[in-house]
Amino acid sequence: MSKVKPNYARSLDLKNGRVDMSHGSGGRAMAQLISELFAAEFDNEYLAQGNDGAVLPSANGRLVVAIDSHVVSPLFFAGGDIGCLSVHGTINDVAVMGAKPLYLAASFILEEGFPLADLKRIVESMAKASREAGVPIVTGDTKVVERGKGDGVFITTTGVGFAREDIILSGDLAQPGDKILLSGTIGDHGMAILSQREGLTFSAPIVSDTAALHGLIATMLNSGAKLHVLRDPTRGGLATTLNEIAKQSGVGMMLHESAIAVNQPVEAACEFLGLDPLYVANEGKLIAICAQEDAENLLAVMRAHPLAREASIIGEVMEDTHGFVQMTTRLGGRRVVDWLAGEQLPRIC
Amino acid sequence: MKYVDEFRDGELAKNIASNIVREAEPQNIYRLMEFCGGHTHAISRYGLADLLPANVRMIHGPGCPVCVLPIGRVDQAIRLAREHGVILCTYADTLRVPASDNLSLMRAKANGADVRMIYSTQDALKTARENPDREVVFLAIGFETTTPPTAVAVKQAAAEGIKNFSILCDHVLTPAAMHAILAVEGGVQLDGFVGPAHVSTVIGSKPYEPFADDYGKPVVIAGFEPLDVMQAILMLVRQVNDGRAEVENEFIRAVTREGNLKAQALVAEIFEVRDVFEWRGLGSVPNSALKLRPEYAAFDAELKFKVDYVTVPDNKACECAAILRGQKRPQECKIFGTVCTPENPVGSCMVSSEGACAAHYSYGRFRETA
Numbered sequence: 001m002s003k004v005k006p007n008y009a010r011s012l013d014l015k016n017g018r019v020d021m022s023h024g025s026g027g028r029a030m031a032q033l034i035s036e037l038f039a040a041e042f043d044n045e046y047l048a049q050g051n052d053g054a055v056l057p058s059a060n061g062r063l064v065v066a067i068d069s070h071v072v073s074p075l076f077f078a079g080g081d082i083g084c085l086s087v088h089g090t091i092n093d094v095a096v097m098g099a100k101p102l103y104l105a106a107s108f109i110l111e112e113g114f115p116l117a118d119l120k121r122i123v124e125s126m127a128k129a130s131r132e133a134g135v136p137i138v139t140g141d142t143k144v145v146e147r148g149k150g151d152g153v154f155i156t157t158t159g160v161g162f163a164r165e166d167i168i169l170s171g172d173l174a175q176p177g178d179k180i181l182l183s184g185t186i187g188d189h190g191m192a193i194l195s196q197r198e199g200l201t202f203s204a205p206i207v208s209d210t211a212a213l214h215g216l217i218a219t220m221l222n223s224g225a226k227l228h229v230l231r232d233p234t235r236g237g238l239a240t241t242l243n244e245i246a247k248q249s250g251v252g253m254m255l256h257e258s259a260i261a262v263n264q265p266v267e268a269a270c271e272f273l274g275l276d277p278l279y280v281a282n283e284g285k286l287i288a289i290c291a292q293e294d295a296e297n298l299l300a301v302m303r304a305h306p307l308a309r310e311a312s313i314i315g316e317v318m319e320d321t322h323g324f325v326q327m328t329t330r331l332g333g334r335r336v337v338d339w340l341a342g343e344q345l346p347r348i349c
Numbered sequence: 350m351k352y353v354d355e356f357r358d359g360e361l362a363k364n365i366a367s368n369i370v371r372e373a374e375p376q377n378i379y380r381l382m383e384f385c386g387g388h389t390h391a392i393s394r395y396g397l398a399d400l401l402p403a404n405v406r407m408i409h410g411p412g413c414p415v416c417v418l419p420i421g422r423v424d425q426a427i428r429l430a431r432e433h434g435v436i437l438c439t440y441a442d443t444l445r446v447p448a449s450d451n452l453s454l455m456r457a458k459a460n461g462a463d464v465r466m467i468y469s470t471q472d473a474l475k476t477a478r479e480n481p482d483r484e485v486v487f488l489a490i491g492f493e494t495t496t497p498p499t500a501v502a503v504k505q506a507a508a509e510g511i512k513n514f515s516i517l518c519d520h521v522l523t524p525a526a527m528h529a530i531l532a533v534e535g536g537v538q539l540d541g542f543v544g545p546a547h548v549s550t551v552i553g554s555k556p557y558e559p560f561a562d563d564y565g566k567p568v569v570i571a572g573f574e575p576l577d578v579m580q581a582i583l584m585l586v587r588q589v590n591d592g593r594a595e596v597e598n599e600f601i602r603a604v605t606r607e608g609n610l611k612a613q614a615l616v617a618e619i620f621e622v623r624d625v626f627e628w629r630g631l632g633s634v635p636n637s638a639l640k641l642r643p644e645y646a647a648f649d650a651e652l653k654f655k656v657d658y659v660t661v662p663d664n665k666a667c668e669c670a671a672i673l674r675g676q677k678r679p680q681e682c683k684i685f686g687t688v689c690t691p692e693n694p695v696g697s698c699m700v701s702s703e704g705a706c707a708a709h710y711s712y713g714r715f716r717e718t719a
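Protein chains in written order, with the working numbering: chain A, 1 to 349; chain B, 350 to 719.
Worth flagging that the hints you see were computed from the coordinates, not collected in a lab.
Keep in mind that a hint or two might mislead.
Some residues of chain A that are not near chain B, with every Cβ distance over 10 angstroms (derived) [stated by the list, open to error]:
#1 Ser-58
#2 Leu-63
#3 Arg-121
#4 Arg-347
Cross-link-like lysine-lysine pairs, in silico, DSSO-like; alpha carbons within 30 angstroms at most [said to hold, decoys possible]:
#5 B:Lys-458 to A:Lys-149
#6 A:Lys-149 to B:Lys-475
#7 A:Lys-120 to A:Lys-143
#8 A:Lys-226 to A:Lys-247
#9 A:Lys-247 to B:Lys-683
#10 B:Lys-640 to B:Lys-655
#11 A:Lys-100 to A:Lys-128
#12 B:Lys-512 to B:Lys-655
#13 B:Lys-655 to A:Lys-143
For each residue, glycine too, the CB sits at the ideal point set by N, CA and C.
Based on the provided sequences and hints, a complete structural model is requested.
Structure follows, in structure tokens:
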């Protein structure tokens with residue numbers, strides 16, 4: 001009898017192996033990478049269909065779709081990595097539209113030579129984040145680019161969710177008199193990335209705040225508060241996000257510097273590098289704008305959730321044809337909180 | 350945050366402000382120039398103008414390193430990167446300073462020049478060590494604060510025998526610029542200076558004594574925190590009221606009369622004073638900048654690559670020159686906030702957050718709506 005095993009394939013060397021061009025060629029090597037790594041980790045009934053796309057059950061409500069690319073450098077940082085970040089970021093983009101995130105799709109662009117062990121860590125982290133959030137990755141794609149044409153791995157995720165018909169959130173719905181709430185400290189993600197990139201060390205390390213916010217958002221939506229706008233202040237930080245909303249809604253804002261919390265190591269790192277935490281990215285925080293009369297109630301609901309213990313009311317929406325976001329400073333003066341000019345920190349998410 | 354929050358205390362600021370309001374004599378106008386961009390930034394960032402009475406006016410000075418860099422100096426750096434293929438390293442703000450042909454270092458980078466942003470001169474040295482087959486040039490800008498780190502890098506490069514490293518030296522001197530401002534014919538009327546913070550930690554308070562003794566202008570050296578600035582303003586108001594002109598030091602936690610002698614010695618070992626240097630706004634100012642000493646000529650990119658400085662006139666509509674001399678305010682420039690914004694700066698004062706125009710645009714332009 002022949003000793004040949006006609007269907008044997010040696011399993012992927014996830015310890016010492018590296019991505020090569022064949023992993024994106026559509027052949028057996030690609031099929032193996034998908035089945036032994038992606039499908040094994042993300043394992044769910046929709047992905048198991050093994051088709052070009054996932055067929056999903058019908059659902060009620062308005063469909064919300066969001067997409068986010070992730071090119072963060074370094075890939076692994078204190079508090080997370082590109083894997084969990086790519087899950088949290090897209091879930092949050094769907095959730096701040098008032099939708100319950102249900103499914104994710106993920107696209108990987110891998111650079112030739114990227115260690116499979118690192119890819120495994122990233123995929124495991126994605127799978128864990130997706131399981132914890134209860135939002136499965138139901139379809140995906142993998143491409144490989146030649147060495148030098150990428151930077152290890154880029155991940156694009158698309159999220160799908162459904163919003164109740166009665167929930168209408170939009171950046172153009174902020175009204176004069178509304179209160180502006182913030183779910184916690186600012187600048188943690190951006191400074192975690194930057195301090196690691198620049199080799200800055202502090203007695204207390206700066207940890208990214210990357211987190212999926214849909215649970216917090218669900219409790220806020222169920223609180224009965226009249227929410228007008230929800231948004232996560234990622235790139236460009238709190239200042240940029242508020243300027244976007246002010247522009248969309250055609251209103252001004254007055255913030256109160258003393259109400260905006262910054263963790264001490266983040267403040268120290270910003271001080272050291274000459275950065276303003278108002279412009280530094282967050283990946284686990286949200287801004288809520290709601291009717292004035294509901295603000296205290298909403299604040300209490302937020303503070304009862306583990307991801308918003310340090311929530312506070314940071315300011316008010318005002319009438320202003322110029323659309324200025326302003327701030328009363330800790331010193332008692334007044335100033336504009338402008339759009340970010342140029343680029344403060346590249347590749348933070 | 351300890352050692353910082355103490356200097357940003359709102360209650361203390363109010364106390365100092367009420368003293369200023371009480372002591373500033375209503376019939377007087379107090380025209381005070383904060384020389385440094387760091388002070389300009391603190392004043393704008395914390396809205397300190399709101400705490401001052403109308404007759405205490407702050408005039409922004411030229412102490413912003415990228416603001417005083419003339420177009421020709423940026424052109425020189427761009428030529429090095431584009432025509433000589435060097436790796437051009439510099440501090441972040443410098444990347445956005447407008448140069449000739451609608452270029453900046455950042456745009457040159459987008460067009461393929463190898464321009465790299467660094468945080469410290471050590472990063473530039475590291476780049477040179479890691480790229481032994483490339484020439485690495487550090488565009489060295491700044492006042493006396495940034496000069497010692499450049500001196501350290503040059504000295505290290507000499508000691509290690511690093512042959513592919515050189516600097517384009519645009520280091521400038523604060524007292525010379527202050528002289529230039531006071532010497533301008535029909536120039537700005539000033540009743541006193543808020544003196545530099547970090548610069549003074551290096552050079553000490555002594556170099557400002559001629560401004561008090563010869564020009565009769567009070568100088569109060571102040572830290573960059575908002576309470577430092579408020580306290581210095583109060584001290585200046587008191588000097589004016591008393592008819593005194595002295596160099597006083599509010600920043601005693603960091604500044605002595607003699608300054609940092611070790612840093613001064615190091616700078617003197619590596620650099621010598623240029624006969625003349627062209628500033629944006631102040632024009633050609635004698636003895637106002639530094640160049641490498643002949644024994645370090647091998648590290649002088651101007652000599653190494655034979656890139657001469659060519660004077661380039663500023664954009665005609667741009668008022669940076671008058672603003673840097675304290676003769677105009679940013680909002681008096683016709684293109685402020687329209688043609689010239691932080692996204693598309695025409696003049697250098699719109700580039701750095703320490704620049705008078707950028708500070709007013711970013712923090713204070715709500716005042717123009719009233």
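Verdict on A:Ser-58 as a residue remote from chain B, using beta-carbon distances over 10 angstroms: holds (46 angstroms)
Pair hint A:Lys-100 and A:Lys-128, alpha-carbon separation not exceeding 30 angstroms: At roughly 19 angstroms apart (the allowed maximum being 30 angstroms), A:Lys-128 and A:Lys-100 satisfy the hint.
Holds or violated: B:Lys-458 to A:Lys-149, with C-alpha atoms at most 30 angstroms apart: holds (18 angstroms)
A:Arg-121 non-interfacial with respect to chain B [C-beta, more than 10 angstroms]: The assertion about A:Arg-121 holds, with a minimum of 27 angstroms to chain B.
Closest CB of chain B to the CB of A:Leu-63 still more than 10 angstroms away: holds (36 angstroms)
A:Lys-247 paired with B:Lys-683 [C-alpha distance capped at 30 angstroms]: The hint holds at about 25 angstroms.
Restraint status (C-alpha distance of B:Lys-655 to A:Lys-143 at most 30 angstroms): violated (48 angstroms)
Pairwise hint evaluation, B:Lys-655 against B:Lys-640, where the allowed Cα distance is 30 angstroms at most: holds (15 angstroms)
30 angstroms limit on alpha-carbon distance, applied to hinted pair A:Lys-120 and A:Lys-143: holds (16 angstroms)
A:Lys-226 paired with A:Lys-247 [C-alpha distance capped at 30 angstroms]: holds (21 angstroms)
Holds or violated: B:Lys-512 to B:Lys-655, with C-alpha atoms at most 30 angstroms apart: holds (17 angstroms)
30 angstroms limit on alpha-carbon distance, applied to hinted pair A:Lys-149 and B:Lys-475: Holds, because 25 angstroms separates the two Cα atoms, which is no more than 30 angstroms.
Consistency with the previously given hints fails for number 13 only.
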